[in-house]
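Chemist: Please take these sequences and the hints and turn them into a complete structure.
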Amino acid sequence: MKQNMVTNQKQIQITYLKPAKGLAALNLKDLWDYRELIYFLTWRDLKVRYKQTVLGFTWVILQPLINMVVFTVLFGQLLKVPTDGIPYPIFSFAALLPWLYFAGSLTRSSTTLVGSANLISKVFFPRMVIPIAGVLSGIVDFLVSLIVLIGMMLFYQITPTWNLLLLPIFLFLAMLTALGFGLWFSALNVRFRDVNHLVPFIIEIWKYATPVIYGATLIPERFRFLLGLNPMTGVVEGFRWAILGSKYVETFNPGPLFIISISITLVVLISGVIFFRNTERTFADII
Amino acid sequence: MTDIAIHVEKLSKKYKLGAMYERQDTLRDLLVSTFRSPFRKKEKREDQTLWALKDISFDIERGSVVGIVGRNGAGKSTLLKVLSRVTDPTSGVGEIRGRVGSLLEVGTGFHPELTGRENIYLNGAILGMKRTEIEKKFDEIVDFSEVVKFIDTPVKRYSSGMYLRLAFAVAAHLEPDILVVDEVLAVGDAEFQRKCLGKMSDVAEQGRTVLFVSHNMSAILRLTTETLVMEKGRIVKRAPSNEAVDYYLSSGFAETGEREWDQDEIPENSAPFLPKVLRIRNEQGQIVNTIRSTEKMSIEFEYKLEEAITGLRVGYYLMSSRGEFVFTTFDTDEPQMYDRFLAREKGHYISRCEIPADTFNDGRFIVGINASTYRIHRYFQDERAISFNVDPAGAPGMQWPEQRLGPTRPRLHWEIEKK
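Respectively, the protein sequence lines represent chains A and B. Numbering follows the numbering used here, in which position 158 of the first sequence is assigned residue number 1394; successive positions increment by one, without gaps. Numbering follows the numbering used here, in which position 101 of the second sequence is assigned residue number 111; successive positions increment by one, without gaps.
Hints were generated in silico from the structure; no laboratory data involved. Possibly wrong hints are sitting among the right ones.
Where chain B lies over chain A, by a calculated footprint (3+ residues, C-beta under 8 angstroms) [unchecked claim]: (1) 1335-1341; (2) 1386-1397.
Restraint-style ranges between C-beta atoms, simulated for each label pair [stated by the list, open to error]: (3) B:F202 <-> A:N1263: 31 to 41 angstroms; (4) A:Q1288 <-> B:R141: 21 to 31 angstroms; (5) B:R385 <-> A:W1268: 37 to 47 angstroms; (6) A:L1434 <-> B:S211: 49 to 59 angstroms; (7) A:P1436 <-> B:R141: 32 to 42 angstroms; (8) A:L1379 <-> B:D274: 53 to 63 angstroms; (9) B:E19 <-> A:Q1249: 17 to 27 angstroms; (10) B:V287 <-> A:K1283: 45 to 55 angstroms.
Calculated lysine to aspartate or glutamate pairs in the EDC-like style (CA-CA distance at most 16 angstroms, straight line) [stated by the list, open to error]: (11) B:K356 <-> B:E393; (12) B:K242 <-> B:E275; (13) B:K242 <-> B:D274; (14) B:K306 <-> B:D372; (15) B:K140 <-> A:D1266; (16) B:K209 <-> B:E241; (17) B:K286 <-> B:E312; (18) B:K314 <-> B:D372; (19) A:K1254 <-> B:E185; (20) A:K1283 <-> B:D162; (21) B:K26 <-> B:D274; (22) A:K1254 <-> B:E105; (23) B:K140 <-> A:E1272; (24) B:K306 <-> B:D368; (25) B:K286 <-> B:E270; (26) B:K242 <-> B:D372; (27) B:K205 <-> B:E150; (28) B:K26 <-> B:D98; (29) B:K159 <-> B:D149; (30) B:K314 <-> B:E278; (31) B:K356 <-> B:E317; (32) A:K1358 <-> B:D153; (33) A:K1254 <-> B:D98; (34) B:K140 <-> A:D1281; (35) A:K1283 <-> B:E123; (36) A:K1287 <-> B:D162; (37) A:K1254 <-> B:E275; (38) B:K64 <-> B:E123; (39) B:K286 <-> B:E241; (40) B:K146 <-> B:E105.
Model, not experiment: these values are computed from the prediction. In this text, a Cβ means the ideal position worked out from N, Cα and C, and glycines have one as well.
Modeler: The structure is reproduced here in structure tokens:
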């Protein structure tokens, strides 16, 4: 018992209060200390999202399915978007999976911070855990909808290739992209509620700027680098490449595009972390 | 020196009123105001600052229970926010030794859709507990909260009492080195309040430090040994609690029987309700500070409504100088008054309340003001708007020069029958 007291004495943490001046230290250790909170917030998000719905988790599967059916009828059948011989349903579904994950994550991470205003003005914790949880909770939805993908791969008799092993990397890139932009948007949202209204539009426009309903090959070769400026191009094309394997790689190789995408994502993410860290100290005062 | 739990030095916190009240909510507002007056903006901004805390310095020893009292807007909550790192000070430094836990407003961080069990974990994590700690404490928390039967029911189905007990239970079992309590005990029934106060003194006995903000003077007196009195962002007094409470209750009152509100004393969010003057009048209608207990008196409150308010009620709390409530009354308590003033139009009003003779015992009484609509909105509140003294000359029982217990001294009808 006595020994216990001694160690307790030693472990007393000292916190210094001081005015916020200059660039904040990134202090990512803080986040590590609060990793359990990230876990609980992610878990809460999941628990709450489908409460009091009749279909519950089925929505996770229905959402991409309905999207895919609409796209197939509109773009596959009526407009006949070129897919390099790949059946349009799986062509679009392979891209829709990461896209829906990204869109959901970006929306959540941009808006949940303001939604947690009463927490932020009362309790201290690294504010970044909220957008991070927003990005993580979509992963479970994503994994569930993978089941549909597997079903479709069986149906269209697509043999998985080694490419498939790289799928998590593309998912990770989508996550980092959503987080990078989410950090910017959520921090701006605290000050300017316009962001709440803006985000749905940005996502809508972004969807058309990303080869989700069409393939990157639709764009003339000399302009294709422009697509690469959009990190989601790398993700979406990466997904097709990983899932459709050899069939897709013959006509399109996402290699160079992917490198540009990664660089852009990293720039947005790092600047987002810095921006967020520097504004979070005033969140409690203006939220 | 090693036994100091909290040390702060010249801590100040400035709020830009522009940022707090007239916040440029949207990008458009910012653009418009920048273009309209690009040069004037800077000087205007400087004027609109408010020092919520100004040069606060103090040390608090480990294991002490310290109360903080002060009017609304005196800076108590801001101080707690700075101490718990929710917001940074504008200048000054501080050192906190140990983990700070705040007892929050009821259910902050509770999610209505989640069950009691789930919320315990979630709220514990928000308050900074590790999962293993929560697991270890889980049964104790459930026991304390008395919601065992409903632990797997979503908390949105809880009664407000259950909700409150659960919220308090989580925070109380946080076992922080420094516990910060901001006015949570204002809610809940007496039994529950007793339980919470008991838990808080347990915490103190374990050698933890407690900072306790409250408007409940009897709770402050019961729980704390020492109290800080805050006024306009400064600490104006630090003393043993009974001395500090006495100072707080008797300070800041004009000795005239009249209280006026300046523009800067009216919170922005009280609009369209504008308090003007509060007056204590004796039977002859003179504005006085001391009334005779054998005479009737009146309390009148003058205010303006800049817009009509439906369901407005204006009333008084009367409190003894020991902090116990004597009674509460509203101007539309009577059904016919309620019907007549259901919608109160824009204009200048006086609400006057006559208090019959032989109501008060001798001593000093504090009048608090409240203007609100029932359960919808509180426009204006000042718990300590004015005070007055009561002179008991001629009151019943004055032939015995003894202290009569209780805040009231009614003249009652007695009969003595001889059989």
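Chemist: Each hint: holds or not?
Modeler: Going down the list of hints, with the structure as the test:
1. 1335-1341: violated (count 0)
2. 1386-1397: Violated, because only 0 residues of the segment 1386-1397 of chain A bring their Cβ atoms closer than 8 angstroms to Cβ atoms of chain B.
3. B:F202 <-> A:N1263: 31 to 41 angstroms: Cβ of B:F202 to Cβ of A:N1263: about 39 angstroms, so the range 31 to 41 angstroms holds.
4. A:Q1288 <-> B:R141: 21 to 31 angstroms: Cβ of A:Q1288 to Cβ of B:R141: about 27 angstroms, so the range 21 to 31 angstroms holds.
5. B:R385 <-> A:W1268: 37 to 47 angstroms: holds, 44 angstroms
6. A:L1434 <-> B:S211: 49 to 59 angstroms: holds, 52 angstroms
7. A:P1436 <-> B:R141: 32 to 42 angstroms: About 36 angstroms separates the Cβ atoms of A:P1436 and B:R141, which means 32 to 42 angstroms holds.
8. A:L1379 <-> B:D274: 53 to 63 angstroms: For B:D274 against A:L1379, whose Cβ atoms are near 57 angstroms apart, the range 53 to 63 angstroms holds.
9. B:E19 <-> A:Q1249: 17 to 27 angstroms: holds, 20 angstroms
10. B:V287 <-> A:K1283: 45 to 55 angstroms: holds, 54 angstroms
11. B:K356 <-> B:E393: violated, 25 angstroms
12. B:K242 <-> B:E275: holds, 10 angstroms
13. B:K242 <-> B:D274: OK: B:K242 and B:D274 at ~11 angstroms, within 16 angstroms.
14. B:K306 <-> B:D372: holds, 14 angstroms
15. B:K140 <-> A:D1266: Measuring from Cα to Cα gives roughly 14 angstroms; hence the hint holds.
16. B:K209 <-> B:E241: Cα-Cα ~29 angstroms, so violated.
17. B:K286 <-> B:E312: holds, 5 angstroms
18. B:K314 <-> B:D372: Not OK: B:K314 and B:D372 at ~34 angstroms, beyond 16 angstroms, violated.
19. A:K1254 <-> B:E185: violated, 25 angstroms
20. A:K1283 <-> B:D162: holds, 14 angstroms
21. B:K26 <-> B:D274: Holds. B:K26 to B:D274 sits at ~14 angstroms (cutoff 16 angstroms).
22. A:K1254 <-> B:E105: The hint holds at about 9 angstroms.
23. B:K140 <-> A:E1272: holds, 7 angstroms
24. B:K306 <-> B:D368: holds, 7 angstroms
25. B:K286 <-> B:E270: holds, 6 angstroms
26. B:K242 <-> B:D372: violated, 31 angstroms
27. B:K205 <-> B:E150: holds, 14 angstroms
28. B:K26 <-> B:D98: holds, 14 angstroms
29. B:K159 <-> B:D149: Holds, because 13 angstroms separates the two Cα atoms, which is no more than 16 angstroms.
30. B:K314 <-> B:E278: holds, 14 angstroms
31. B:K356 <-> B:E317: Between B:K356 and B:E317 the Cα gap is close to 5 angstroms, so the pair holds against 16 angstroms.
32. A:K1358 <-> B:D153: Violated, because 26 angstroms separates the two Cα atoms, which is more than 16 angstroms.
33. A:K1254 <-> B:D98: holds, 7 angstroms
34. B:K140 <-> A:D1281: violated, 19 angstroms
35. A:K1283 <-> B:E123: holds, 9 angstroms
36. A:K1287 <-> B:D162: Status holds; Cα separation ~14 angstroms.
37. A:K1254 <-> B:E275: violated, 29 angstroms
38. B:K64 <-> B:E123: With a Cα-Cα distance of about 42 angstroms, the restraint between B:K64 and B:E123 is violated, given a limit of 16 angstroms.
39. B:K286 <-> B:E241: Roughly 21 angstroms between the alpha carbons, so the hint for B:K286 and B:E241 is violated.
40. B:K146 <-> B:E105: violated, 30 angstroms
In this structure, the earlier hints numbered 1, 2, 11, 16, 18, 19, 26, 32, 34, 37, 38, 39 and 40 are contradicted, and the remaining ones agree with it.
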